[in-house]
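The task is simple: from the sequences and hints, build the whole structure.
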Amino acid sequence: MARKVRYTYKGKTKEILFSFRAFVGPHEAAAAEEGVDISGYHSMLTQVEMASTSLKAVKDFRHNYFAKLGFDDIGFVKEEKK
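Residue numbers (my numbering): 752 to 833.
If you're looking for bench data, these hints aren't it; they were derived computationally from the structure. As the structure is a prediction and not an experimental result, all values here were calculated from the model. Do not rely on the hints blindly, as some may be mistaken.
To be verified - Within a straight-line C-alpha distance of at most 27 Å, the following computed DSS-like cross-link-like pairs (lysine-lysine) qualify:
no., residue 1, residue 2
1, Lys761, Lys819
2, Lys810, Lys829
3, Lys763, Lys819
4, Lys819, Lys755
5, Lys761, Lys810
6, Lys819, Lys765
7, Lys832, Lys755
8, Lys829, Lys765
9, Lys761, Lys829
This is how it looks when you write it as structure tokens:
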């Protein structure tokens, strides 16, 4: 089952298909769709995960990193059951 990711990039909201085979999470999929280089992101994320004892610090880092790149409201679209 394909999932959808909705995100806002530089003021424009977009929706794309997502697969865990291709991406780790919705943030990486959105960056790939827009052609944004996030090569340093994974190494920094690993460092934050190792240095932090809380999940909130990792989420804050991810949110702030992608906000600096121009992204906002990245997340999976919840499918409504019919």
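Taking the hints in turn, this is what the structure says about them:
no. : hint            : verdict
1   : Lys761 - Lys819 : 11 Å, holds
2   : Lys810 - Lys829 : 20 Å, holds
3   : Lys763 - Lys819 : 16 Å, holds
4   : Lys819 - Lys755 : 23 Å, holds
5   : Lys761 - Lys810 : 21 Å, holds
6   : Lys819 - Lys765 : 18 Å, holds
7   : Lys832 - Lys755 : 15 Å, holds
8   : Lys829 - Lys765 : 15 Å, holds
9   : Lys761 - Lys829 : 23 Å, holds
Every hint, counting from the list given before, is met by this structure.
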